[in-house]
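Protein chains in written order, with our numbering: chain W, 38 to 332; chain L, 166 to 589.
Listed next, the in silico DSSO-like pairs over lysine-lysine satisfying Cα-Cα at most 30 Å (straight line):
#1 L:K303 with L:K249
#2 L:K192 with W:K243
#3 W:K224 with L:K192
#4 L:K310 with L:K278
#5 L:K295 with L:K348
#6 L:K353 with L:K318
#7 L:K249 with L:K300
#8 L:K287 with L:K353
#9 L:K187 with W:K224
#10 L:K300 with L:K287
#11 W:K189 with L:K278
#12 L:K579 with L:K198
#13 W:K189 with L:K295
#14 L:K198 with W:K243
#15 L:K333 with W:K189
#16 L:K333 with L:K249
#17 L:K278 with L:K353
#18 L:K333 with L:K278
#19 L:K278 with L:K318
#20 L:K295 with L:K318
#21 L:K295 with L:K245
#22 L:K363 with L:K278
#23 L:K278 with L:K348
#24 L:K323 with L:K333
#25 W:K224 with L:K198
#26 L:K318 with L:K303
#27 L:K333 with L:K287
#28 W:K224 with L:K579
#29 L:K302 with L:K245
#30 W:K189 with L:K273
#31 L:K287 with L:K348
#32 L:K480 with W:K224
#33 L:K323 with L:K249
Which chain W residues face chain L? A few, computed with CB under 8 Å, are given here:
#34 V73
#35 L151
#36 A166
#37 I173
#38 L176
#39 G182
#40 D266
Hint data in this document are derived by calculation from the structure and do not stem from the laboratory. Quick reminder that beta carbons are idealized off the backbone N, C-alpha and C, glycines included.
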Amino acid sequence: MALPVYTTLGQRIWHYSYLAFCTFVLFFLVAPLVAVIPLSFTSAPFLNFTPEMLSLDPEGFSTRWYKGLFGICDQDANLSTMCTDRWVVGTQNSFIIAIASTLLATFLGTLAALGLSSENMPFRRGIMALMISPLIVPLIITASGMFFFFAKVNLVASYAGIILAHTMLGIPFVVITVTSTLVGFDKSLTRSGASLGGSPAYCFYKIQMPLIAPGMISGALFAFITSFDEIVIILFIGGPEQHTLPRQMWSGIRQEISPTILAAATILVILSVLLLTTLELLRRRSERIRGITPH
Amino acid sequence: MANSEAVATPGVLLTADGTPLKVSLQKSLRRSKLRAMLLVLPPLLFLVFLFVLPIGNMLLRSIDDSLVNQVLPTTFKEFKAWDKTTDPPESLYAAFYTDITRTLEEDKLLVGKAGVRMNYDKPGWRSLIKISARKFKKVEGPPYKEAMIEIDKRWGEKEWWLSLGAMKDERTLGYFLNAVDKKYDFDKNIISVDENRKVYNLLWYRTLLVSFIVTIACLVLAYPVSYLLATLPMRFSNLLMICVLMPFWTSLLVRIVAWMIMLQQQGVVNDTLVGLGILDTENRLAMMYNFNGTVIVMTQILLPFMILPIYSVMKTIPPSFMRAAQNLGATPTLAFLRVYMPQTIPGVGAGCILVFIVAIGYYITPELVGGKDGRLIGNMVAYHMQRTLNWGLAAAMGTILLAAILILYWAYDKIVGVDNMKMG
Numbered sequence: 038m039a040l041p042v043y044t045t046l047g048q049r050i051w052h053y054s055y056l057a058f059c060t061f062v063l064f065f066l067v068a069p070l071v072a073v074i075p076l077s078f079t080s081a082p083f084l085n086f087t088p089e090m091l092s093l094d095p096e097g098f099s100t101r102w103y104k105g106l107f108g109i110c111d112q113d114a115n116l117s118t119m120c121t122d123r124w125v126v127g128t129q130n131s132f133i134i135a136i137a138s139t140l141l142a143t144f145l146g147t148l149a150a151l152g153l154s155s156e157n158m159p160f161r162r163g164i165m166a167l168m169i170s171p172l173i174v175p176l177i178i179t180a181s182g183m184f185f186f187f188a189k190v191n192l193v194a195s196y197a198g199i200i201l202a203h204t205m206l207g208i209p210f211v212v213i214t215v216t217s218t219l220v221g222f223d224k225s226l227t228r229s230g231a232s233l234g235g236s237p238a239y240c241f242y243k244i245q246m247p248l249i250a251p252g253m254i255s256g257a258l259f260a261f262i263t264s265f266d267e268i269v270i271i272l273f274i275g276g277p278e279q280h281t282l283p284r285q286m287w288s289g290i291r292q293e294i295s296p297t298i299l300a301a302a303t304i305l306v307i308l309s310v311l312l313l314t315t316l317e318l319l320r321r322r323s324e325r326i327r328g329i330t331p332h
Numbered sequence: 166m167a168n169s170e171a172v173a174t175p176g177v178l179l180t181a182d183g184t185p186l187k188v189s190l191q192k193s194l195r196r197s198k199l200r201a202m203l204l205v206l207p208p209l210l211f212l213v214f215l216f217v218l219p220i221g222n223m224l225l226r227s228i229d230d231s232l233v234n235q236v237l238p239t240t241f242k243e244f245k246a247w248d249k250t251t252d253p254p255e256s257l258y259a260a261f262y263t264d265i266t267r268t269l270e271e272d273k274l275l276v277g278k279a280g281v282r283m284n285y286d287k288p289g290w291r292s293l294i295k296i297s298a299r300k301f302k303k304v305e306g307p308p309y310k311e312a313m314i315e316i317d318k319r320w321g322e323k324e325w326w327l328s329l330g331a332m333k334d335e336r337t338l339g340y341f342l343n344a345v346d347k348k349y350d351f352d353k354n355i356i357s358v359d360e361n362r363k364v365y366n367l368l369w370y371r372t373l374l375v376s377f378i379v380t381i382a383c384l385v386l387a388y389p390v391s392y393l394l395a396t397l398p399m400r401f402s403n404l405l406m407i408c409v410l411m412p413f414w415t416s417l418l419v420r421i422v423a424w425m426i427m428l429q430q431q432g433v434v435n436d437t438l439v440g441l442g443i444l445d446t447e448n449r450l451a452m453m454y455n456f457n458g459t460v461i462v463m464t465q466i467l468l469p470f471m472i473l474p475i476y477s478v479m480k481t482i483p484p485s486f487m488r489a490a491q492n493l494g495a496t497p498t499l500a501f502l503r504v505y506m507p508q509t510i511p512g513v514g515a516g517c518i519l520v521f522i523v524a525i526g527y528y529i530t531p532e533l534v535g536g537k538d539g540r541l542i543g544n545m546v547a548y549h550m551q552r553t554l555n556w557g558l559a560a561a562m563g564t565i566l567l568a569a570i571l572i573l574y575w576a577y578d579k580i581v582g583v584d585n586m587k588m589g
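Please put together the full structure from these sequences, using the hints given.
Written out as structure tokens, the structure reads:
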């Protein structure tokens, strides 16, 4: 954004203060997450930067909190927090729940998107609004409603209950992303497939599926991260067996806040960057195969 | 088309197998409609059974008041016969005694639950019921009035009997009244609760205030950044977009922890300000565990929800419009205000409604960073769901919240259309 030579002083000042403001906003968005990363390598059991860390003294840094995270117990006597395998157990449970609910949500969401993108579907708009509503209704209300319902059908404190609840939260994302890949889908592609003798199922797998695959995958990623990060429903209908990563973080924040939680946070920040990159690559691929060039 | 039957009935187009084209078209239309409906059916049923019905069922709890009626059916019958001006008659005492002893035999827990419910209308009922239920066994036949007054002298006071008037119906709006600091008196007139018991109006006000401030703050921060993202060349804007999307993709709890590090008393922001000499170490800013904490953290969390819709609208506005306006003699400011800004209104509207909807139902963030004066109505719903078990009140607050959100959601649908929603 180089300025033309004829800009006045006032315009220059305005332009640079505008850029400064934007930098501030982006800084506001990212700085807290970036601050977590160096702090997770602290050697002190406090949540602030020690003088040793600021002077880059190697004594100030350690990986003890990461060891704690993976349940590797140091014989170091001044380790203040208890050594626990809850983080590892929580991560495993989170993965089990997130993967199962993602698969279910992707399947159901794709079905819904395929049906809803047909212009012959009656009550299209209303059903679409309903499908997206789990995203809009506050989690606290969803969780309360499910609590009573699941208590009635004996699904409270069970993996099945949590997985079903998380599936519900994931469906809207899949519906939205798959629908947007179906926008501008050329119907004559499947028609010509059919006229060349392909069965409807064959035509779907060979023609439509590759086209909506990027939408399915990005919807699945959204569903996965939503389930992986979900805490309200877990708090309401999860039992002690369903100890997930967010639950461990929740009790970490509320009870014994130690830099272990920063180590976990760092790993999650890195994970989110990886997911984001995947998603961006998928989006570009989708645009390329649908013949839409980025403008 | 040109087969023999077509010649036989001129004017009617036929398909290759001889059926009229109209019929055949309708048939294929019907088939495609059916297929679409079959595709939508499983997810729709899933959603209705696990989402819509449970929530609807929960919301019905807000008007359900049948519990006390299950325990005290004959008492309420006698209560209606009583003229309320004289002292309660022996028959009322007898009815109450039989109701309680009968329920104790059938379902002991129910008596305790009813006591809890009655306590909402007049504090003290729970202990009164508990004491009486324990000692009723020793009562030997009528007259019950004297026996009951002996057990607890409150039974002799008329006000306890009068307070039954607020609980006698199976359906009640009492919980909704409680949710806005009102209640029924004994004759079912609506009155305000005592000054020192008022909590909810303040919470509703605070919830709206926080959502409003957060929405405005997001708008002010998001608009310039979206403009920058929309006007920069692709390779730069993609890089900056990662800054916007990264917090969006990061775990909510991680973001909250990150803000704790930034904003606490010994946090990064305070340390920096003190280190730069702007602040004395005694006057460190209190930015966490209060109203400010809730607002700051919620703004950062919801900012991407504002940036993305505004950005996607700005992206579609050709830059030549601004150049044309300036070419025709407008100053840059005027061109921006008259040409560019009106075109961004749909994005701004979508972003504002989205942020407001999400903010108004927030629970986790205020719970962790809000402290005492940063809690919102969502926290109160959770509190009544999990701690006091006053589910009727929780449901009433949930219903009001949901109604507000559905109205906004409807507006959102009108303005942008839910099928135009895009992610990332």
